[in-house]
Amino acid sequence: MSDSVSFSERIVRCPACGEDSWYAPRNPYRPFCSARCKGLDLGAWASESFRVAAQPPTDDEAVDDPRLQ
Numbered sequence: 004m005s006d007s008v009s010f011s012e013r014i015v016r017c018p019a020c021g022e023d024s025w026y027a028p029r030n031p032y033r034p035f036c037s038a039r040c041k042g043l044d045l046g047a048w049a050s051e052s053f054r055v056a057a058q059p060p061t062d063d064e065a066v067d068d069p070r071l072q
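Just so you know, the sequence shown maps onto residues 4 to 72 in the numbering used here.
Check before you lean on any hint, since a few could be wrong.
Pairwise CB distance ranges (calculated) [claimed, not checked]:
#	residue 1	residue 2	range
1	Ile-14	Gly-46	42 to 48 Å
2	Pro-59	Tyr-26	37 to 43 Å
3	Cys-20	Ser-50	14 to 20 Å
4	Arg-54	Arg-29	20 to 26 Å
5	Arg-13	Val-55	25 to 31 Å
6	Ile-14	Gln-58	35 to 41 Å
7	Gln-58	Ser-37	36 to 42 Å
8	Ser-11	Pro-59	24 to 30 Å
Capping the alpha-carbon separation at 20 Å, the derived lysine to aspartate or glutamate pairs in EDC-like fashion look like this [what the hints assert, rightly or not]:
#	residue 1	residue 2
9	Lys-41	Glu-12
10	Lys-41	Asp-23
11	Lys-41	Glu-22
12	Lys-41	Glu-51
No lab work stands behind these hints, which were simulated from the structure alone. C-beta: ideal position from N, C-alpha, C; glycine also.
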């Protein structure tokens, strides 16, 4: 039983501000430290600040790849 408690409750760094945050069921904002940090992260996703870098396919690649047709 003590192993599950040590695994479920630990201190991690907040991805938004870098401060310590409890990663535990008692923290409703986990892995963030606060509602503010959680909201900032959601806003960044909503405004498309986080993106996967990719090059658009050239015309030749689109013709050669059956998945793109």
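Of the hints given before, which are not true for this structure? Numbers 1, 4, 8, in rising order.
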